[in-house]
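Novice: For chain H, the structure is supplied; the task is to place chain A on it using the hints.
One-letter residues, chain by chain:
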Amino acid sequence: MAKISIVKANVEIPIFNIKNRSLKSNFMNYTLGKKIKDFKGGNFSVMVLNNINLVLSDGDRVGIVGDNGAGKSTLLRLISGAYYPTSGLLDIKGSITSLINLSCGVDYEATGRENIFIRSALLGFKKKEVEFYLDKIIEFSELGKFIDMPFRTYSSGMQLRLLFSICIMVQPEILLMDEWLAIGDESFKIKAESYLRNLINETKIFVIASHSQEIIKNLCNRVIWIENGQIIMDESSEKVCDAYFK
Amino acid sequence: MTKNFLDIFKNIYIAYILGCQDIQSRYRRSTIGPFWLTISMGVTVSIIAFVFGHLFNTPLEEYLPFLASGLILWIFFTSSILEGSLCFIESESMIKELDISFITYVLRVLWRNLLILAHNIVIIPFVFLFTGKDFTLFILLVVPGLFFVTFFLGWVSILLAIICSRYRDVHQIISSLLNVIFYLTPILWIPSQLSIHAELTFINLNPFYHMLELIRSPLLGKLPTAANYIIVFFINILGFLLTYKIFIRFRNKIIYWL
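Chains as they are written, first to last, in our numbering: chain H, 392 to 637; chain A, 6 to 263.
Pulled out of the complex, with its shape left as it was, chain H reads as follows (with noise of 0.2 Å):
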C-alpha cells in the first residue's frame, strides 16, 4: 500500500544575498502576493508552502493546479522527497518515481547507451537489471545504431526519446509528473502515450501538476488547487476544473 501523508507543512525558503531589502520586498510582496518575512540578520525567506494538509492513498488520481510560482512544483518536490518541510511532518510509504526532470543526470558527451546506464542508475536501478533490459531500451527508442553515438549529437525529439525509452524500467507505486511529456514525432508519440497511460493505471498514486484542462480531467480523480502557497481547494477533478478553468 502506497500513501503519503503531509501534517501542517511549511516550506520556508531563506533567501540570502538580498541587499535593497525594503524596496524588493515591497515589489515581491506586490506582484506575487507572498509573505515575505524579515529574518534576523537582514535575510528573508519565501514562504512557498504554507500550512499544507494532506493525504493522499491508493487509487489517488491528484491533479496539482495553479498560476506560476502558486507552489506546485514546490509541492511535487516535496512529494518526491527531495524537499523536507521546514516545519511540520512528512511520511511517504512506497516507491515513488518522478518523470519531471528526464535530463537530470545525462552527460551529453557520453553515449546514448552510456547515459542508459547513467539515468537508470539515478532512477534507483543496478548495473543487472539495466542489462537485462537494455536491448528493450533501445528497440523502445528506435534509435538503432545511433545509439553508440554521443548523446550531444542527438536531434531533441531523439534525445526525448530516448531519455523517455529509459523510463520503461519504472515500476512504481507512485509516480509524479510536471506537465504531460511532449515526446518526439506522432508514431513515437502515440506508442509513449499509449504506455504511460498504462503505466499510470498500474501505479497506486498519481501526482500531474498540470495548465491542461484536457490533461488534468483525463487522468485525475482528484484535484487540489494551489495558490500563495495554500491548498484553496481540494475536490473532485470537476468540481475544481470548473472553478480554475472558467
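Hint data in this document are derived by calculation from the structure and do not stem from the laboratory. The model shown is predicted, which means the values in this text are computed figures rather than measured ones. The beta carbon of each residue, even a glycine, is placed where N, CA and C say it ideally should be. Watch out, some of these pointers could steer you wrong.
To be verified - With a straight-line Cα cutoff of 30 Å, these simulated BS3-like cross-link-like pairs (lysine-lysine) come out:
(1) Lys394(H) x Lys608(H)
(2) Lys258(A) x Lys608(H)
(3) Lys258(A) x Lys399(H)
(4) Lys484(H) x Lys517(H)
(5) Lys519(H) x Lys536(H)
(6) Lys101(A) x Lys394(H)
(7) Lys101(A) x Lys595(H)
(8) Lys582(H) x Lys595(H)
(9) Lys250(A) x Lys518(H)
(10) Lys580(H) x Lys101(A)
(11) Lys138(A) x Lys517(H)
(12) Lys484(H) x Lys637(H)
(13) Lys101(A) x Lys484(H)
(14) Lys536(H) x Lys394(H)
(15) Lys394(H) x Lys227(A)
(16) Lys399(H) x Lys227(A)
(17) Lys630(H) x Lys484(H)
(18) Lys101(A) x Lys519(H)
(19) Lys518(H) x Lys595(H)
(20) Lys250(A) x Lys484(H)
(21) Lys608(H) x Lys517(H)
(22) Lys527(H) x Lys580(H)
(23) Lys608(H) x Lys399(H)
(24) Lys518(H) x Lys394(H)
(25) Lys518(H) x Lys608(H)
(26) Lys518(H) x Lys580(H)
(27) Lys582(H) x Lys536(H)
(28) Lys484(H) x Lys258(A)
(29) Lys399(H) x Lys250(A)
Stated by the list, open to error - Cβ-Cβ distance ranges computed for the label pairs, FRET-style:
(30) Thr36(A) x Glu533(H): 29 to 37 Å
(31) Val56(A) x Ser546(H): 37 to 45 Å
(32) Glu533(H) x Val56(A): 58 to 66 Å
(33) Leu182(A) x Lys399(H): 21 to 29 Å
(34) Gly38(A) x Gly548(H): 29 to 37 Å
(35) Tyr172(A) x Ser486(H): 33 to 41 Å
(36) Pro130(A) x Lys527(H): 42 to 50 Å
(37) Ser448(H) x Ser45(A): 56 to 64 Å
(38) Phe407(H) x Thr206(A): 25 to 33 Å
(39) Met624(H) x Ala123(A): 57 to 65 Å
Specialist: Only chain A this time, still in chain H's reference frame:
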C-alpha cells in the same frame, strides 16, 4: 526521506558510476585519456625536483622519491577537499530532483579523486627505478593508510560541503588555507633538514603531516610512527562525530541553501 547518513550503501553504485563518468567525460576525445594526468604530474615532479634539489642541496636519490610521493598525495588531499566542499552546490539540480543521500555526492568526488590518484601513482615505480630505490614489504601498510586518509577526506568534505552551501565565501578561505598548509607540510622540504626543536612544535600539530606519513613512509620503506596512527585515529573519531552531529542537525535545511 532517505537523505540520511547511514544510507550510503544504497547509493554507492550511483557514486561509482558518476565518478567513472566524470573521468571518462573529461578525457573522452583525447587519445591517451586520463594518462595525461600521469604525464603532467611527471613533468611537474621532475621540474620541482630539479630546481629544489639544487636549492636544498639534497641528493636526488633521496629527494625525488620523497617529493614525488608527497606531491601526488597532496594533490589527492587538496582536490578531494576542494571539490568535495563544492559538491552540494554543483549537484544542485540533482539534489533538488532526486531522493538520493547527500553522502552520495561526496563519495562521487572521493571516487573520482581515487581514480586520479591511481593514475598518478604510476609515476612512483618509475621514480624508484630511476633513483635505484627498492620497494620494501612495508608497502602493504599503504592500504590501511589510504583507508584512514580517505575516511578523513570523506568527513572533512561532508562538513565543508555543508558549510560552503550556506556561506559561499568559505570555499575561497579553504583554498588559500590549503595553499598555506602546503608550505607548512613537509612535501617540498625534508623534515630532517630542520632543527629538532622546530620539528616538534609545528610539524606535529599539522594533521596533514600525519595523514601524509601514513602513506608516504611505507612507500619509502619506513614504518609510520605510532604517534601518526594514534593522532589520525583520534582526529577521525572526533571529526566523524562532529560531522555526524552537524549533518543530522542541518540535513533538512541544506537543500534550501542551494
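Novice: Taking the Cβ atom of Leu182(A) and the Cβ atom of Lys399(H), is their distance within the range 21 to 29 Å?
Specialist: Hint violated: Cβ distance 43 Å, outside 21 to 29 Å.
Novice: Check whether the Cα positions of Lys608(H) and Lys399(H) lie no farther apart than 30 Å.
Specialist: holds, 28 Å
Novice: Mind checking the hinted window 33 to 41 Å against the Cβ distance between Tyr172(A) and Ser486(H)?
Specialist: Hint holds: Cβ distance 36 Å, inside 33 to 41 Å.
Novice: Assess, step by step, whether the Cα of Lys101(A) is no farther than 30 Å from the Cα of Lys484(H), and give holds or violated.
Specialist: Holds, at roughly 20 Å.
Novice: For a C-alpha distance cap of 30 Å, please report whether Lys101(A) and Lys394(H) respect it.
Specialist: holds, 22 Å
Novice: Taken at face value, is the distance from the CA of Lys580(H) to the CA of Lys518(H) at most 30 Å?
Specialist: holds, 28 Å
Novice: Are the Cα positions of Lys399(H) and Lys250(A) separated by 30 Å at most?
Specialist: holds, 26 Å
Novice: Keeping to a limit of 30 Å between CA atoms, is the pair of Lys582(H) and Lys595(H) held or broken?
Specialist: With Cα atoms ~22 Å apart, Lys582(H) and Lys595(H) stay inside 30 Å; holds.
Novice: Does Lys517(H) sit within 30 Å of Lys608(H), going by the straight-line distance between their CA atoms?
Specialist: violated, 37 Å
Novice: Does the Cβ distance between Val56(A) and Ser546(H) fall inside 37 to 45 Å?
Specialist: Cβ of Val56(A) to Cβ of Ser546(H): about 53 Å, so the range 37 to 45 Å is violated.
Novice: Falls inside 42 to 50 Å, the C-beta gap from Pro130(A) to Lys527(H)?
Specialist: holds, 46 Å
Novice: When you check the alpha-carbon spacing of Lys250(A) and Lys484(H), does it fall within 30 Å?
Specialist: holds, 27 Å
In terms of the numbered hints stated before, the structure departs from hints 2, 9, 11, 12, 14, 15, 16, 21, 25, 31, 33 and 38, listed from lowest to highest.
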